[in-house]
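Undergrad: 942 is the number of the first residue of the sequence shown in this note's numbering; add one for each residue after it.
Quick caveat, the hints were computed from the structure, so don't treat them as lab data. Just so you know, even glycine gets a beta-carbon here, dropped at the ideal spot from N, CA and C. A couple of the hints might just be wrong.
[Unchecked claim] Think about it this way: if two alpha-carbon atoms lie no more than 16 Å apart in a straight line, the pair counts; the simulated EDC-like pairs of lysine to aspartate or glutamate are:
{"id": "1", "residue 1": "K1017", "residue 2": "E970"}
{"id": "2", "residue 1": "K1017", "residue 2": "D980"}
{"id": "3", "residue 1": "K984", "residue 2": "E1001"}
{"id": "4", "residue 1": "K1017", "residue 2": "D967"}
{"id": "5", "residue 1": "K965", "residue 2": "E993"}
{"id": "6", "residue 1": "K1017", "residue 2": "E1001"}
{"id": "7", "residue 1": "K1017", "residue 2": "D973"}
{"id": "8", "residue 1": "K965", "residue 2": "D949"}
{"id": "9", "residue 1": "K995", "residue 2": "D967"}
{"id": "10", "residue 1": "K984", "residue 2": "E1005"}
{"id": "11", "residue 1": "K957", "residue 2": "D980"}
{"id": "12", "residue 1": "K1017", "residue 2": "E991"}
{"id": "13", "residue 1": "K984", "residue 2": "E1004"}
[As the list claims (entries may be wrong)] Distance ranges between label pairs, derived from CB positions:
{"id": "14", "residue 1": "K984", "residue 2": "E964", "range": "30 to 36 Å"}
{"id": "15", "residue 1": "A956", "residue 2": "K984", "range": "14 to 20 Å"}
{"id": "16", "residue 1": "P985", "residue 2": "P1007", "range": "16 to 22 Å"}
{"id": "17", "residue 1": "E952", "residue 2": "K995", "range": "16 to 22 Å"}
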Amino acid sequence: MDQDTVLDIRETPPAKRHPLIFEKFDGLEVGDAFVLVNDHDPKPLYYQFEAERKNMFTWEYLEEGPSAWRVQIGRK
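From just these sequences and the hints, can you work out the full model?
TA: Here's what the structure looks like:
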């Protein structure tokens, strides 16, 4: 996996995280994915994806803490 497919937001200010993530997602081609690295469980983000991009994404936990969560987010 190259650097373009990993989005590490642990150092990003909280107010900028979701817009950055959705920008990354919206730039994906169908079938592509990226790995989100976060400092907490991004479950609220999952619910936002469900509300705003329903049936357009895949979500797979790759690592679940305690210091980092990694989630592969793909575009259907």
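Undergrad: Which earlier hints can't be squared with this structure?
TA: Violated hints (numbers, rising): 2, 14, 17; every other hint is consistent with the structure.
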